[in-house]
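Colleague: Following the hints, position chain B against chain A.
Residue numbers (our numbering), protein chains in the order written: chain A, 1 to 113; chain B, 1001 to 1112.
Fair warning: there could be bad hints in the mix.
[Stated by the list, open to error] Cross-link-like lysine to aspartate or glutamate pairs, in silico, EDC-like; alpha carbons within 16 Å at most:
(1) A:K57 - B:E1094
(2) A:K13 - A:E82
(3) B:K1068 - B:E1003
(4) B:K1068 - B:D1081
(5) B:K1054 - A:E101
Calculated from the structure, these hints are not laboratory results.
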Amino acid sequence: KAGVTQTPRYLIKTRGQQVTLSCSPISGHRSVSWYQQTPGQGLQFLFEYFSETQRNKGNFPGRFSGRQFSNSRSEMNVSTLELGDSALYLCASSMGLTYNEQFFGPGTRLTVL
Amino acid sequence: KNEVEQSPQNLTAQEGEFITINCSYSVGISALHWLQQHPGGGIVSLFMLSSGKKKHGRLIATINIQEKHSSLHITASHPRDSAVYICAVRRVGETSGSRLTFGEGTQLTVNP
Chain A
1 KAGVTQTPRY
11 LIKTRGQQVT
21 LSCSPISGHR
31 SVSWYQQTPG
41 QGLQFLFEYF
51 SETQRNKGNF
61 PGRFSGRQFS
71 NSRSEMNVST
81 LELGDSALYL
91 CASSMGLTYN
101 EQFFGPGTRL
111 TVL
Chain B
1001 KNEVEQSPQN
1011 LTAQEGEFIT
1021 INCSYSVGIS
1031 ALHWLQQHPG
1041 GGIVSLFMLS
1051 SGKKKHGRLI
1061 ATINIQEKHS
1071 SLHITASHPR
1081 DSAVYICAVR
1091 RVGETSGSRL
1101 TFGEGTQLTV
1111 NP
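Only chain B is shown next, with the shape it has when bound in the complex:
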């Protein structure tokens, strides 16, 4: 079993829909990242969370440390949101900010 699991693996939505992507992890963590990867490979860091909730524009990320679960929400989805969304965690005790364990990603397609 992977230490970081995402669901769903694939998600197709209509423009305007509210979208939720989930991430569950089985190790103790000090931080969780949400990343966005567009076709062609470029990755953008969306959020880094250690507790609670963060919001940026139409994106909201939440984390529940006790339940070892995080969600990424996209409100009023748009075709330009189509990308792979990747959850990654930094283990407790890890001193490097870049030594992360990654989920397999969720492929999101938003149709007009």
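Here chain A stands alone, though its shape is the one from the complex:
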């Protein structure tokens, strides 16, 4: 069974631009969650999608958004990029919303210049 895949793996953008990251979950998994990891703040929960609906959201500004498609693939978008958005963005999938083991993707490393 293929694991969680994320594209692209690396990305360089400049301040003010926007970026879209993609996550394909394990086949059969319906829940996709996104996390941001920075040296200063560590790992933080961004949001969770299940059945094409955002079910939970972390404490991030509205510049961070996402969506999930009918095949469970998910995208997250960051608009008006700031230097502080430089981070490793991790996606994880699980079968359901609650109490299920999560499987993480390799991450997308975003650098904002």
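Modeller: Using the frame of chain A, we list chain B on its own:
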């Protein structure tokens, strides 16, 4: 003060040594996770605990709900165990399995 604190922050061991990483938390929780992150970023979920003890191969995780403390033990450590180990908790009442609060991680280096 962080809600989830790990100690030590950095740990260097010789191959074969018994290793313990600690996690203390200050909130009520319904579950605690131990995660392993290798260089390059990939994360693997090692354990999810709500009580007692779990064992998988050379890894053992324990949790004491009353003391709000969990430990991850590695027996007969090996250089391939070198990674960052992260403790994460799900708060009581949280319905999402993925809305976790994370510790800062423990960097483990095992030398041959």
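Colleague: Now tell me, hint by hint, if it's right for this structure.
Modeller: Going through the hints against the structure:
1. A:K57 - B:E1094: Given that 16 Å is the threshold and the Cα spacing comes to 12 Å, the pair holds.
2. A:K13 - A:E82: holds, 10 Å
3. B:K1068 - B:E1003: With a Cα-Cα distance of about 11 Å, the restraint between K1068 (chain B) and E1003 (chain B) holds, given a limit of 16 Å.
4. B:K1068 - B:D1081: violated, 26 Å
5. B:K1054 - A:E101: holds, 15 Å
Against the hints set out earlier in the document, a violation occurs for number 4 only.
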